[in-house]
Amino acid sequence: MEDIIYNQLDYSILSWTVFLPVIGAALLLFIRNVSAVRWTALLFTIANFFVALPLLKHFDKSTYKMQFVEKSEWIPSWGINYFIGIDGISILFIFLTAILSILSVLVSWKSIEKKVKEFHIAILTLEAGMLGVFVALDFFLFYLFWEAMLIPMFLLIGVWGGQNRVYAAIKFFLYTLAGSVLMLVGIVVLYFTSGGTLDILALSSMQYPFQLQCWLFLAFFAAFAVKVPMFPVHTWLPDAHTEAPTAGSVILAGVLIKMGAYGFLRFSMPMFPDATKFFLGPVLILSIIAIVYGALVCFAQKDFKRLIAYSSVSHMGFITLGLFALNTQGVEGGILQMLNHGIITGAMFLMIGIIYERTHTRVIADYGGFARLVPWFAGFFIILTFASIGLPGTNGFIGEFLIIFGAFKARMIFGVLAATGIILGAGYMLWLYQRVFFQDANPDYEASGRHPVSDLNMREVITLIPLFVLVFWIGFYPNTFLEYMHASVEHLIQQMNLTAVAGNENMIAKYITEIF
Amino acid sequence: MLKYTLIPLLPFLSFLINILFGRNFIKDRAHWIAVPAVVGSFLLAVSAFLDVAGGRDINVNIYSWIVSGSFNVSVGFLIDRLSAIMLIVVTSISTLIFIYSIGYMHGDGGYYRFFAYLSLFVFSMLILVMANNFLLMYFGWEAVGLCSYFLIGYWFHKKSAADAGKKAFIVNRFGDFGFGLGVILIFLTFGSMDYMQVFGEAGGIAGQTINLLGYDVNLITLICLLLFCGAVGKSAQVPLHVWLPDAMEGPTPVSALIHAATMVTAGVFMVARCNPLFNLSEVAMNTVAIVGGVTAIFAATIALVQTDIKRVIAYSTVSQLGYMFLALGVGAYSAAIFHLYTHAYFKALLFLGSGSVIHALHDEQNMQKMGGLKKYMPVTYWVFILATLSITGIPFFSGFFSKDEILWRAYLAGDLGKFLWFLGTLAALLTAFYSWRLIYLTFHGKFRGTHEQEEHLHESPPVITVPLMLLAVGAVAAGWVGIPPIFAEHGDKIGEFLAPVLGYPEGEGTHAQEYFVMGASIFVAVAGWIIAYTMYLKKTELPQKLGAAFQPVYKLLFNKYYIDELYSKTIVQPTLKASDKIILGFDTYIIEGIVNGIPNLIGAFSRKLRKIQTGLLSDYGLIMAIGALSIIGVWIFLR
Amino acid sequence: MVPLSWYIILSAVVFSIGVIGFLTRRNLIMTFMSIELMLNSVNISFVAFSHYLQSMRGQIIVFFVIAVAAAETAIGLAIIIAYYKNNPTIKVDEINLLKG
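Protein chains in written order, with our numbering: chain U, 1 to 516; chain V, 517 to 1155; chain P, 1156 to 1255.
Chain U with its partners taken away, still in its complex shape (with noise of 0.2 Å):
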């Protein structure tokens, strides 16, 4: 295996940022005091963050190889290694996932009251699932995570979610549950196949049968499908949002649902190329659909957060579009945007829910003339907005035209349809603004006299700043980004290519007899 670079650092550093938090969720299990577990639990994820931090400052950006791995033998038997490792796909994830966990902890301080220290077990446990998910290298390692990652989340659904709280967490619970079945699956057809490993780089780099990659490809799809969610099983994803606490939502927003993308790119495209060209068609055409159906859906949501939740459908059509795109522009578009959408949502969730815990309401015509009200939070809101409909100089827009670039490139027709959601974007996310904040204010909200509306404080303008330097940062000089992913990137598109022994038509054409 030369396509891997051993940790060179003196200490297992991907190990440490994937278990500190869950060495902090077992401390807080002896922590009694309600004000010290919100402490302990900031004091690991920021922790955690700077534990990661190193990782930039050694990771070789000129290779696509895995880097900082570590393997050791653990159930030999079974051909299951603890192997970890990262690449320039996974490495800006981690950061995205530590950046987030510290905001949700500090997003909660106020807002959670019941059952504090489950709940900072449950952030915490969640942070380890998804950190462990974006390093695993080992197929067993990847599905113990990937399911892992789920209870902590539904259990933030079920028990601090708002009225509906248990049927959302079940439908998010079953919904992924249904498509990782299936995932599981197609690893087991893949380790029979492969004569016993697990070993996802190996797998990688064998080739299937194209019949077999089609079945394989399928039922990975499923997982990944309605992870992302991709149209038409996102339903799952406004219920839960709108059902979830604020820290569920960011994370959920941020990071849960980039585990779809991101299995795309480390599982379907590098081990199923020529299913993945089969499977094209469709897969864009979906991704076409969730943008112009999800942009669409926006207009008629009358729940702040649900609207958002919809907003995210379009926007990871966005993503879905740009990675099968299959070219640079598209896949490095299509990685940023994750990346953007998990900063620009995440932010606007935390907004929400800072919103929320004065107004106690979530329906729009609630509210109005808020900009009045709360000028700061206008002011942000308004940041993110046009970050949403990607405004040049915020992080929106270098990813969507990045990922319009690649689908134009790849096929025009999918460019122009896709810059549809643009224009639809603008009008959804700028009417929801001027409902909230323009305008006078809602009489009857005024007169219900509930609830004095008080600006941002000072920990919540310490919560949203991160995000919003980053906004600014992509937007300004996204190469400090993307320069990261360029190496893997190419190799991914090289291994796509290369591998296409069934590039030429007639030879799909072919398989397609033979299939059906």
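Because the hints were derived from the structure by calculation, they are not lab data. Because the structure is a prediction, the values reported are computed rather than measured. All residues carry an ideal CB built from backbone N, CA and C; glycine is no exception. Among the clues, some could well be false.
Distance ranges between label pairs, derived from CB positions [unchecked claim]:
| # | chain 1 | residue 1 | chain 2 | residue 2 | range |
| --- | --- | --- | --- | --- | --- |
| 1 | P | Ile1230 | V | Trp1151 | 29 to 35 Å |
| 2 | U | Gln494 | V | Asp567 | 45 to 51 Å |
| 3 | P | Ile1230 | V | Leu1125 | 27 to 33 Å |
Since chain U is already given, all that's left is putting chains V and P on it; use the hints.
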């Protein structure tokens, strides 16, 4: 290099400082930061202009912005003769309007916010003008749209203002949709976004076609038309003109700066900038010319009957922008830029003058409720007269030279050009009429407002009138740099100055023809004046009678050809309805139906199945016994 | 020497008594005893076969069965008592907590 970078950077710093500290610290002192910044920009721009005039074009890349595979775009500036003129126009008018705003916005609650947005606007506009590649121009392009959104909706508690801002942004997005795709197509074609490289290689691409939905389309034509989409949106040409009149909801200095002098001319600038591409496509050129000509006359007819003072000027702006596109379309790029430049002064003056009037009348914008203001506001009146003389094309005022140049170039440009010349001349007649109508309704006759207003009538303070007077100098004299060669050898300084970038239009007519064209435009200018004079000063009952006699026409014009209603019925309402009824219905009933249906089905089945579980031990025992027996039985008999 | 078949018949008879008892008795304790009977009938046949085949395996299993039966009795009786404390009845007919 720092010098040139500072040109946009100074306003940006002013924006940052004002937006971050304005609310709590700076408050009413915001102009102490904004005005010096923009003056600094102006001085640097003048210096840059001198550098360029001295023969040194500046083209520097500052840093590479986006790198992804073969895709590589820098942030960099190009200051050549075209952008140098734009720099002067933008910064000089900005300076005057900033000063004017000190007086106009005095005491407004969001004073700091206003100056912050204005500064951001200047920054964006400068980036747009100075960019050396298409993507950076797109950055500026969108950013000025953003500022326009903020400033139109500046009084956001008014629903109409918030609506207008949103409308402006979204309508522009339709144009930018095309513009963005055009930019992408440019990169895919040329492998670069850099102006110099693209324009340099444009010739080699001419004639290439691209397959679009089964049709072979000329590549350059497609690129140009896509780019032009953006220009149509930003410069409010038909059919995307609808946002500009509504944009008058913004404070008047904003209307003057953004929606008359600078931002709306970005489309003109862009087409002029891309002239090496447009020159290669006759189809695109003709489209530009026709859209321009149609807009010029179309908007002018609407302006005839509007009663809101700012809306009249807004439609006049749309119409004048139409002239500029007409010029671009017939290949007279320098004429378009010349008109852009003179128009910036006299139109800003008209807006600021109307602002002065509105200010004096405490936010009254309806001309029917004005009248006789001449004696109360002499300065405003006289600058208004000068601006009107200029816009209507009375000889030796700025507007005369630039408009005449456009009409003359159109006249020379073949049959289509002759037709457009006719449209343009007709529009000039209408222009003269509505411009003088505005003057007579506002400043002459008797005051028709309330008594209370009349008592408070007063001339505006110097901080307002001084910028007006300075602009008036521009409105009168700005055109003297473009005197046609027929009057003075080397009189067309601006055309010659721009020739290296924009080329010099070929085609020479006889002197007789030129005098004819000129005579025609002077004739219509005077004719329009006389008609307005008769209708609004002498026989004041005439407009009413005419309105009654041509009721349907009047209504059609007054309601702006019902274009807004048309868009509302065909685009906005269907989208909302489809979203609410069809898409959301599909989501909640069909997808969710399936999603919830499967568990429900399983649930129904299991509700039946559970009846077997009686909970009685003996029943279970019996079933077990029967089961065991049957297994044994099967085993015995099937062995 | 008693032949093997006698043991098997005895075992079958005891088992049948157990089954019938299990199905017909209404008292929970009696039902319980019936289960014990069935288990012991099986033990009888195990031991018989063990002797007949001269193999120790049968006897080992008997010990297992006895151990399991003991555990089962202990837990079972505990459950019955716990149940009786809450609902003063041990009639099988009246216990249907698991009714679907």
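We went through each hint and held it up to the structure:
| no. | hint | result |
| --- | --- | --- |
| 1 | Ile1230(P) - Trp1151(V): 29 to 35 Å | holds (32 Å) |
| 2 | Gln494(U) - Asp567(V): 45 to 51 Å | holds (47 Å) |
| 3 | Ile1230(P) - Leu1125(V): 27 to 33 Å | holds (29 Å) |
Checked against the numbered hints given earlier, this structure breaks none of them.
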